[in-house]
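*Asks:* Chains as they are written, first to last, in the numbering used here: chain A, 1 to 313; chain B, 1001 to 1283; chain C, 2001 to 2357.
In case anyone wonders, no lab produced these hints; they're calculated from the structure.
We put the beta carbon where it would ideally sit given N, CA and C, even for glycine.
Among the clues, some could well be false.
Here are the simulated distance ranges between beta carbons [claimed, not checked]:
hint : chain 1 : residue 1 : chain 2 : residue 2 : range
1    : B       : Glu-1203  : A       : Ser-203   : 25 to 31 angstroms
2    : C       : Gln-2151  : A       : Pro-260   : 55 to 61 angstroms
3    : C       : Arg-2149  : B       : Ser-1124  : 38 to 44 angstroms
4    : C       : Val-2352  : B       : Ala-1134  : 28 to 34 angstroms
5    : B       : Asn-1216  : C       : Leu-2347  : 48 to 54 angstroms
6    : B       : Pro-1061  : C       : Val-2352  : 48 to 54 angstroms
7    : C       : Val-2032  : A       : Leu-211   : 43 to 49 angstroms
8    : A       : Pro-226   : C       : Gly-2098  : 47 to 53 angstroms
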Amino acid sequence: MSLPSGPTTAATTATTGRRAWLTAEAPRSRLQARCVQAYHAWRGFAGNTLAMIGLVIVVVLIAVAALAPVLAPYSPIDQDLTLRLNAPSAAHLLGTDELGRDILSRLIYGARITLYIVVLVAVTAAPLGLFMGTVAGYFGGWIDPILMRVTDIFLAFPRLILALAFVAALGPGIENAVLAIALTAWPPYARIARAETLTIRKSEFLAAIRLAGASPARIIWGHVVPLCSASLIIRVTLDMAGIILTAAGLGFLGLGAQPPLPEWGAMISSGRKFLIDFWWVATMPGLAIFIVSLGFNLLGDGLRDLLDPKHAS
Amino acid sequence: MTAPLLTVEDLEVRFHTRSRVVEAVRGIGFSVGREKLGIVGESGSGKSVTGRSILRLVPPPGEVRAKRLDFDGLDLMAIDERAMRKVRGRRISMVMQDPKFSLNPVMRVGQQIAEAYRVHVDVSPAEARRRALAMLEAVRIRDPERVYAAYPNEVSGGMGQRVMIAMMLIPEPDLLIADEPTSALDVTVQMQVLAILDDLVSERGMGLIFISHDLNLVASFCDRVLIMYAGRVVETCLAAELHQASHPYTRGLLAALPRIDGDGRDLRTLDRDPAWADPLSVG
Amino acid sequence: MATTASIRSGKARATGAASLLSRRFSASAKWVLTLGVTFFGLLMVTFLIGRVMPIDPVLAVVGDRASNEVYEAARIKLGLDQPLYKQFAIYVGNVVEGDFGKSLLTAKPVIDDIRRVFPATLELATVATLLGVLFGVPMGVLAAVNQDRWQDQSIRVLGLFGYSMPVFWLGLMGLLVFYGKLGWVAGPGRIDIFYDGLVEPVTGIILLDSAMAGDWDVFLSAIDHLILPSTVLGYYSLAYISRMTRSFMLEQLRQEYITTARVKGLSEARVIWRHALGNVLVPLITVIALSYANLLEGSVLTETVFAWPGLGQYITISLLSADMNAVIGGTVVVGAVFVGLNLLSDLLYRLVDPRAR
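Make the full structure from the sequences, and use the hints.
*Replies:* This is the structure in structure tokens:
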């Protein structure tokens, strides 16, 4: 972990209180050492304005999704045909759609769907990639080339098209969409995991643990995985924007969450018919997707600058 | 010493990074005429930066200041960038350390040499080619046509460095700065390249600033020697009189050189005295 | 003695040449093998996708009122009574011959449909990539040369937006503003209905066909329709290409040979555009190929928005009609081109870099 540049001199002159404890040059306990590291990392991160904006956006997304019932002024699925296609107003901040539903409320509840998809894909693809990569890297031999071929094959596939075909076969729905996206999202994680595993495998430290009798599973889980986690987290965060966009694309084509669920991509699709005269129906969900993707991209870039300075732009 | 070509007085080079200011060169001064001047120092002594600052090629965040930086009547600190470009290559040139990195990998070697000529003299491509081939012969490359058409990765280290010399001498500059020109080469090749450099510089009556960390090499090759430490010049003398050097750093360097007729005792390691970094430069 | 030595050295030279040749050969053989294996994997995945359908493909053909005998006959005819690996072998054999079966919607062989619609996608992707390169490369250079100043910041932000915007939404916004409100460009579709079919489809690319026929009304109408979708797609290409160009450029500007060029007295413009950019182009070719591949993939969504009659729209429409033959066929073709471009970019890199020869 590299210390951030910046006015560290100011921080180190604090002599009393929490600040002093957090910036101590000679920490006196393991806990304090960890806190000092975390504090410095945070200071470095906080100095990066764009990354902070990304963090704020992501936090807001999570908060909105969690507090949806509290925040949404109306129900996302109740129709009121007398209020069809109303322009944004005081009563309906973002207007109403073709079935009289409040768009703002639908966007708020849609945040839940977005978050659900993103988390599900991450939770499916990352462990799968981690598993494939660590097994390939650890056992080597003939397992490694075969697994890597498989990884390369999936890496070369066009994500959206394959997800399309997959969902076409299995039928539309959130879970199928998630599975389809996850199937093409795991290869990069496998690559990272394998690279880290290979570096560990060659170290003497590994020989020492094995002599002490650790099983491969314990070695992989206890040692390799923690070392991979930084790169993986960065990669997953950076991929999130792409996953959101792919999921929105599937939703746009009618293959994701089914109506009346307020999935943002599907909302754009239904707003398409009224684009010219009632522009807000299609525009608002798109803005939401844009802002959220932007947030993840900024956050991911910031994390990468912080944790992996070699690749900092 | 002949009439000076280059006069440097109180040269300072600072690098402004985010956390602090690094003083790479702290007020040095010297003159070079049509002679061979060696600048010796360890890594971080500021010798390479000195070479680059003469050509005003110190990249930001570097800042160069000098009381005097005169070359043949030109005030190098005052002239604008356009005028400086006319000086670079045509009046002062620089040979760099490793041809693996200092040559453009996707451009044929001959083209790079010809370009060095055409940027200063308006000639046809055919004429530039002719001159480049002649230059390749002057650096004793036996098959100039083949080398002309080759890419940098297709030539050996020694040949690449000779190409570099050809490229830097083709516009016929008055002063050549050689920044560790043989450090990346095998020992056997080093001697050949140095011999070529020696001949060409003498033939053309050029001045040479030879920057190196190798005291022995510089002592045998140059007329005068400048020893740099921590951004200052600590000693300056004739190469022939080096063994009479007085500064403790120089004496330490001399003592650390293994000698074939030495008595076999352990070599003395250098005891660095922080005081060496303090006094003003000599010379 | 001298003769033995020369024979031995001659042999050494011969084996040296042979090993060089075998290394070169094995490098390209490896590439072909990778291409083959990846394509094979693609076929396997698409085959499995085709087989996991909950819809019974036999019923789709015979209808749900057919008798048992008709059902069985159709089942045998479709080869569904064979073990899975044999079915796969038949599938692969068919694909290699270009037989994807018949489309349910058009009742024509899928391969003919694909041949009909593919040029439209090609036209769009090519123009978009050209725009991306034309604007993206200079912008990347500008950003690198002015690192951290306003030019760099604004170009990076522009690129970042490109990575965060859904392409179909941007297309809709473009239609809204430039077609709906301003009326500067034509609406969805590839050409005005008035001109449709007027020009003989020689290449399938209307721009080229109409130019060759000298039919300038058609040509102008085609451009009018092409400009918005290609600009929207081109923006994505631009975002990616400018970011990579910037990154490569920054790396090159740090190299020693750049200092050499400056020492020679070259103008800064020449240093950047002749020396640095020359080295940037090597990895950039790969990036451009990858960008093209990505655009082909994004065409699925863009074509839907702009009612562009290309392969993307073909797949989407077939999808919504559960026309699995067409979906699989389209997927395999797009997948194959995508995979091919990915691997081609690898090959291109080795061709263009003199150090790799």
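*Asks:* Of the numbered hints stated previously, which ones are contradicted by the structure, given in increasing order?
*Replies:* Violated hints (numbers, rising): 1, 2, 6; every other hint is consistent with the structure.
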